[in-house]
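Asker: For chain Z, the structure is supplied; the task is to place chain R on it using the hints.
Listed in order, the protein sequences are those of chains Z and R.
Numbered according to our numbering, the first sequence spans residues -2 to 1013.
Numbered according to our numbering, the second sequence spans residues -2 to 1013.
Keep in mind the hints are simulated off the structure, nothing from the lab.
Some hints could be false.
Within a straight-line C-alpha distance of at most 30 Å, the following computed DSS-like cross-link-like pairs (lysine-lysine) qualify [said to hold, decoys possible]: (1) K601/R - K461/R; (2) K664/Z - K589/Z; (3) K664/R - K199/R; (4) K601/Z - K461/Z; (5) K601/R - K589/R; (6) K2/R - K2/Z; (7) K95/R - K2/Z; (8) K2/R - K95/Z; (9) K413/R - K388/R.
Derived DEER-like restraints, expressed as beta-carbon distance ranges [stated by the list, open to error]: (10) P182/Z - N173/R: 40 to 46 Å; (11) G19/R - S468/Z: 47 to 53 Å; (12) P182/Z - Q106/R: 56 to 62 Å; (13) P513/R - P182/Z: 30 to 36 Å.
A quick note: this is a predicted structure, and the numbers were derived from the prediction, not measured.
Ideal placement from N, C-alpha and C gives every residue a C-beta, glycine not left out.
Each chain is listed here by its residues.
Protein chains: 2
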Amino acid sequence: MITPKNFQSIIMTLQEFWAGQGCLIWQPYYTQVGAGTMNPATFLRVLGPEPWNVGYVEPTIRPDDGRYGENPNRMQMHYQFQVILKPDPGNPQEIFLKSLEALGIDPRQHDFRFVEDNWESPALGAWGLGWEVWLDGQEITQFTYFQQAGGFALDPVSVEITYGLDRIAIALQQVNSFREIQWSPSLTDGDVNLQAEQEHSKYYFEVADVERLRQMYDLFEAEANACLESGLVLPAHDYVLKCSHTFNVLDSRGAVGVTERQALFGRMRDLSRRAAQAYLEQRQGLEYPWLEGEETSQQPPANSQPVTAYRQQPTAYGQGRAPFLLEIGTEELPAGDLETALGQLRERLPGMLEELRLTHGAVNIQGTPRRLVVYIEELAAWQEEFEQVIKGPPAERGFGPDGAPTKAAEGFARSKGVELADLEVRELDGGRYVTATVRQAGRATPEVLAEVLPGLVAGLKFDKSMRWNSSNVFFSRPVRWLLALYGAGDTSEVVPFEFAGLIAGDTTRGLRFLEPHQRSIRSPKEYFEFLRSQGILLDGVERRERIQEQISRLAEQVGGTIPEDAALLAEVMDLVEAPTALLGSFDPAYLKLPREVLISVMKKHQRYFPIVSRSPSEHASEQTLMPYFIAVRNGDAEWLELVTDGNEHVIRARFADADFFVRDDLKRPLEAFLPRLNTLIFQVKLGSMLDKAKRIEALVGDLSPQLGLSAEERGAAIRAAALCKADLATKMVVEMTSLQGQMGRYYALRSGEPASVAQAIYDHYLPRFAGDHSSGSKAGLAVGIADRLDTLTGLFAADLAPSGNKDPFAQRRAALGLVQNLLDWDLDIDLRSGIGAAATHLPILASPESQQAVLAFIVERLRNVLLEQGRHYDVVEAVLAAQGVFPARAARAAERLEGWTKRPDWNTILPAYARCVRITRDLQERYPVSEADFAEPAERELYEALVKAEGTPRASGSVEGFLEAFLPMIPAVNRFFETVLVMADDLRLRQNRLGLLQRIAALAGGAADLSCLEGF
Amino acid sequence: MITPKNFQSIIMTLQEFWAGQGCLIWQPYYTQVGAGTMNPATFLRVLGPEPWNVGYVEPTIRPDDGRYGENPNRMQMHYQFQVILKPDPGNPQEIFLKSLEALGIDPRQHDFRFVEDNWESPALGAWGLGWEVWLDGQEITQFTYFQQAGGFALDPVSVEITYGLDRIAIALQQVNSFREIQWSPSLTDGDVNLQAEQEHSKYYFEVADVERLRQMYDLFEAEANACLESGLVLPAHDYVLKCSHTFNVLDSRGAVGVTERQALFGRMRDLSRRAAQAYLEQRQGLEYPWLEGEETSQQPPANSQPVTAYRQQPTAYGQGRAPFLLEIGTEELPAGDLETALGQLRERLPGMLEELRLTHGAVNIQGTPRRLVVYIEELAAWQEEFEQVIKGPPAERGFGPDGAPTKAAEGFARSKGVELADLEVRELDGGRYVTATVRQAGRATPEVLAEVLPGLVAGLKFDKSMRWNSSNVFFSRPVRWLLALYGAGDTSEVVPFEFAGLIAGDTTRGLRFLEPHQRSIRSPKEYFEFLRSQGILLDGVERRERIQEQISRLAEQVGGTIPEDAALLAEVMDLVEAPTALLGSFDPAYLKLPREVLISVMKKHQRYFPIVSRSPSEHASEQTLMPYFIAVRNGDAEWLELVTDGNEHVIRARFADADFFVRDDLKRPLEAFLPRLNTLIFQVKLGSMLDKAKRIEALVGDLSPQLGLSAEERGAAIRAAALCKADLATKMVVEMTSLQGQMGRYYALRSGEPASVAQAIYDHYLPRFAGDHSSGSKAGLAVGIADRLDTLTGLFAADLAPSGNKDPFAQRRAALGLVQNLLDWDLDIDLRSGIGAAATHLPILASPESQQAVLAFIVERLRNVLLEQGRHYDVVEAVLAAQGVFPARAARAAERLEGWTKRPDWNTILPAYARCVRITRDLQERYPVSEADFAEPAERELYEALVKAEGTPRASGSVEGFLEAFLPMIPAVNRFFETVLVMADDLRLRQNRLGLLQRIAALAGGAADLSCLEGF
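Next up, chain Z with everything else stripped away, as it sits in the complex:
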């Protein structure tokens, strides 16, 4: 066994390796950067058309990752090795894996995974798609196809490979922590960097002066602007980097609120964009000096053949049938994209074959992260003949009065390639037309497929797709090979269609790292056998079952079971081609951490299955967590112990991290975090999160009568309001925002707060997402409503209402949560007065117009909710017009009204009421009714019915109540209109009658505006 490379040798080896690949070897940047990407050798050089291949070390600084040197692999400074390949060399993954072999990593002994990771830098206006590369569960490299930088689409796309050198060294040297990494033959990483970790962590978390850092930020920004005004790209970029680092320090001090963050990112992004633009103009001005001699490399691969010249003759199968196999070989597809693609293929294939007039047997569509496979059994070798009637000129213009064909008919026949004599006149589309019947002979299937397959592949759509090479096609991830084979054995032939610069052939690839890497295929049978020989399970269902079976067995080994989690299982099955589950353990001491934290870490970060004890328990959430996890590797069971070791190392580091946060947070009671909320700006005009919490507290007091809180609930709500945002300043929540509320509850309990308060803190965030449940406690409900009313009223007052697609503060979500809570709790609170109360606590003026806008915005969400519940749009309209400000009541009303509209006698009810309304609704004046002025019996009768209806007790806003009251009046209404002339000449009579009808129309007031209904 060779001595594992020390840290400096790793670096030197990578330098040599990439220099050997034609990369320029560059140096780390001279200002603190959060990633090698920020070095201008990446950020700027990826812009524009010129080729650029570079590799360099980058010690990167992420203040937030400081752990005082205590975490095994999380540090405020870590060492990256950054590689940019522009343009895509066609096999960057393979080159990258070769570099790992150069470092002495035998890929057969490990589990390598390319796990979806979509990278984005808000400060740089940059994004790309790619993966985290996992080595036995550990992220060791970020691999990204850069799509955009500085807001500019990149052409060509750059491949960015960012090695995490510390983690690679930990794996390579099989040590437990960065501190033990042998840096040189005599010193460790701990020797040379531990002190720095301890000190910088302390600086970033405890010492850095927020006020001074804000001033620095402003100064840096001003210099960046000054540089840009003078056309200085690099100096401007330097200052953007300084802004970014300063921002990060502020952030680690917990001094940046959500909205301030957005604003600062926006400003940095703007600067980056301008720097990028200036750089592009510079290079253009220089006429792209590095493009020289590069033109030729943009041409298609040398072994390509002209696809268009494809022959037109039968296959070996003549008019018979044979199987067709299509494999689209890709770099690792994200799980979601794999399912999306398979779904689209399943949907489109049959229709496509029908359109092509190709009869076929079963169509099988399956796939793994690295291949999408279409296998069609018994596919006809030749298209069916095709006959089509084509419409020509109208008959009277096609044939003269003498029945002889005109010039028009002649032209038509010629253009369709039929004899003049074969033209026929037919009845079509309600007229008589000259028609031609065209017969199209079939063509050989391979020829037809070669034409349509490019469209089929190109037609696959993904949520996020990317470009990678000069073909500039879009796909989920790069397509790297195409196999298309018609037939089997010696009689099979390749269908050489072209896509993304590739020509389809007969070659497939096996499981990564297993020999042979490539294999020529002569038949589907051979193909499926080859995959199986490599352990690849093409069928997702089979993979899922295999995994389910393996993980259940492993859980049983330790006397545990795995809580059902279909989503996780579905994801894991799509992350591997050849699943092998493994059981890992972790230090039981970590079990003292909050359960949600452990589970979140395992599932979210690592896609591990947690294990709980098998003792039956009422609630899944109360089953005892066991100190084990199950991971699913890609590959066979060889070297599984090594892989397990690696995964255990990862979870150890992850839990150590969580433990670090929680322990630190627990040093003080939850309440003690409140002062730090003051440095967390909610929004500049609206003050800090502490200000916000105080407003929520006051607003809860205002609202508690309306919400009908008991004295106890009121007390809990007010205390919870005061504490509800405190956990935002805790390290654990800063780290995993998704735990907000959960940690608040946990810390509150540990701080000795009453259970009701703790629960309300948790509850006030509910619902957190579509489909989540509403607050479980009334105190939590109160806090949540107050929070959301404050957010919405405040932001609208600050002129920050969402517009178009932009909703950076998630106000739609807030309004929706508000509505959902009110509906679920069926609480008739008056939004208008709630908004008004919220407005009184704001530090700025909320104008009546802005309050009205908030109301309309919430009602709009309510409308959507009701529509999603299936209410008919006119019913919703009618109800909201009358009582949108009472969401719960409005919902009930809509339900009832919809019920009424479905009654058989609805067509007698609505018209009767409508007549009363229609004749009066345009009147400006309201007329009194005088019994003395009744001239007809029908008038009096109607009046008496009205008085009775008005006297019927009913709940305010109740549609039911209104309609039940109105129903008995209908005969009187009808009689009235039959016998009485409303618009009498006598003004007094007329006004008296109109007044009567006005009072009837008013009956529906506050319940529904029935004029919105269909049929009104």
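Answerer: Just chain R now, kept in the frame of chain Z:
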């Protein structure tokens, strides 16, 4: 021929090389640094006792070196490779040279030189001694033995090697500019860095906002302080670096004045010191973990033998004679130190030999930068015998009354090792004592020398000396070998004395890079032959003559001659062991640059001899400069063309730089630089240099009557005053401050100013150093006086008077220049009124006390000048007490008074005057003299003599005038005292007589206070 390494290969090769030498390979630092030294891997790691060996690239940023990418090798960013070896490995120069060979540099083909360079970082409180390493005249590396960092003495000392990678690449690839350096196989340094040079230069010189940078500086400093208060070393150090870079940017904007610079450096130094201290405490607290297992390496070399056990027996030469050769082998000594050492050896050797009772023939002492050689002919092989009388107890205590020796005598005899009977009583020191006569037999010369030679070497003193290894001895540069040989041929023997951890042997070393590197020597003859065979000229005189002859011949080849410059010749002769002169040329276009600039650059930067045309000219300063230079290489004439090429490249870059400055400066008239003086702070309380110039202008107006300026002179002086500091803002002067005034004159003439104004600008700086001449023009004189009065009065008012050794603003120099000018021009200006006038223009109050202090300070300098002129101290005292405020007059008076004191009749003059003064000087009151009250004739006689003397016309302050007037009074004075009782009982008579004497005493007023004279 192998392909020269590209830039990235150079870096990778050095990494590999130094890793192979046991260095840890580190990374560039993540904040802008002006040198690799600032990376904590140097600045902090050199502190304390732990070993540390490291190598790393450091891209260093020096804003001031920005040249918009136009200079061949001067850039705002250059690449260093930094190596620290701690402790000294014993042969760091040789390891370093091996690394150059690893890069493919054949040292035989080049001229390598270690040129004295004493490094200091004012911001880091660090300094060291060492060299610039020159490759064909080009500085390619800085090689330093670190003595101090953060204000702490280093133990062990670290060796710091800082490669200038760009320059090495230029030499290696034989290209003309950094732009052409091949960085990778496909791209050049220009490709990847030119844009950065252009943009950053523009940023640093034109765009950076001074006000914002000042704010940044303050914020960084405050954060550094906060970090130190929390004990955070590394974060504090980071901010010191940020301060330093910000300072550099401010400096490149010309925004830092001399005094502000001092203040800022002081503050940064203080921060560095505290960071260093905290680091030291940290490592101590950790108990120096890296010391483990290193203890043994501190022991002497393995081949050492116990020197103390040296034998005591005759040499092969018995009582005869033989030559002795001592060679102290060193790393390259600075020229000055070489001469100092030779001088000391020449002075001490004869005395030492005499003390040792070693007779000898000629003592020859010679040396080169690498060796100090003592060669003694005919040195006795054995000491002469020695007899000494030693004083014992007094005779009466040594022998009893019975003449028998006492116990005391017995003890004395025993202690001196003589028989009791041999004691003698002798008269000694005025008493009778017991004495013993001790005879000391001689010892063998090698034994004796082995004892004294360590002291001889250790006793050599240098202006600046250094430590380098654990012996902690001080020397000019490290001593690396010792050769000490007594005798010749087979009968010779080594004198194995020990110094600096070395044992003397019989091995010498030859000329660097010539084979053999080492050579065993058996006799002086062999030694001298060996040196001569390598071309080494041991004798400085011979080297000088050889050089003189070579350079004269080369100058003649191009029809020129070399202006005599003994200092340069003396320096050059001590920079080489084997001188070979070479002739280089430069582009004649550069001759349009000011002559002083070209000469300064050649001599000061490169130690080149300039060549002027041989046409005879009155003034040397007017001879035409020719486009050639002569350099003197160390070594023979092989590959001389390559060496010449290299040197020409260097001077091209240097001149290009000067040309860049001058061209840029000439873009605007001199006057246009005035506004920039406003950003150059003279001193915070005293405003900018522009403020100062305005004050000088006003003060020149005030002083011009006193100075007796003509209207023309006054006009020129006032204009010159306005412009006198303008050149400080020019690039050329910012670059070479020594050209201030010279460039001012040049630019003034080029700007169309009158010649008198231009000359006055130059003159106002005169005298610039001790021995320099005073201002040549009266206008320049006026400006210079006003400038100095303003400086002194202002700084004293700002409470910044020099104290102790501290004189950061060179106020002593200013006062001295003021005095020298006044003396040379013999101008009777009144300092008090001058200071008063200066005070009126200051922005702050100059209190009467501070003005008085300025006056006293200037008079103190005057005192020194007069004393240095050889005036007797009492004369000086007497004159200054009376008229120090008029320096020129005081100087004249002192001269005259000293003349008088040497007259034969002085002993009659002084006493006569003294009697008058002594009797009256303590009186508080001044009495009137009334003729009516004279009681004796002698009174009247004296009175008449007085009146006559008082009436004698004399120049104010004239000692001559006073004494000539007083001389005739002497008989009357004497008669008066003989016949008149001054202290008569009658009060009226007494007071009248005292009044008379008071008037006589007053005669000397304003000329001298004779009571200060000896004999008064």
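Asker: Hints first: check each against the structure and report whether it holds.
Answerer: The hints, checked one at a time:
1. K601/R - K461/R: holds (20 Å)
2. K664/Z - K589/Z: holds (16 Å)
3. K664/R - K199/R: Judged against 30 Å, a Cα distance of about 16 Å means the pair holds.
4. K601/Z - K461/Z: holds (20 Å)
5. K601/R - K589/R: Holds, at about 19 Å.
6. K2/R - K2/Z: Since the Cα atoms of K2/R and K2/Z sit roughly 26 Å apart, the hinted pair holds (cutoff 30 Å).
7. K95/R - K2/Z: Cα-Cα ~26 Å, so holds.
8. K2/R - K95/Z: holds (26 Å)
9. K413/R - K388/R: Distance ~10 Å between K413/R and K388/R Cα, so the pair holds.
10. P182/Z - N173/R: 40 to 46 Å: For P182/Z and N173/R the Cβ distance comes to about 41 Å; the hint holds.
11. G19/R - S468/Z: 47 to 53 Å: Holds, at about 52 Å.
12. P182/Z - Q106/R: 56 to 62 Å: violated (35 Å)
13. P513/R - P182/Z: 30 to 36 Å: Once the Cβ atoms are compared, 33 Å apart, the range 30 to 36 Å for P182/Z and P513/R holds.
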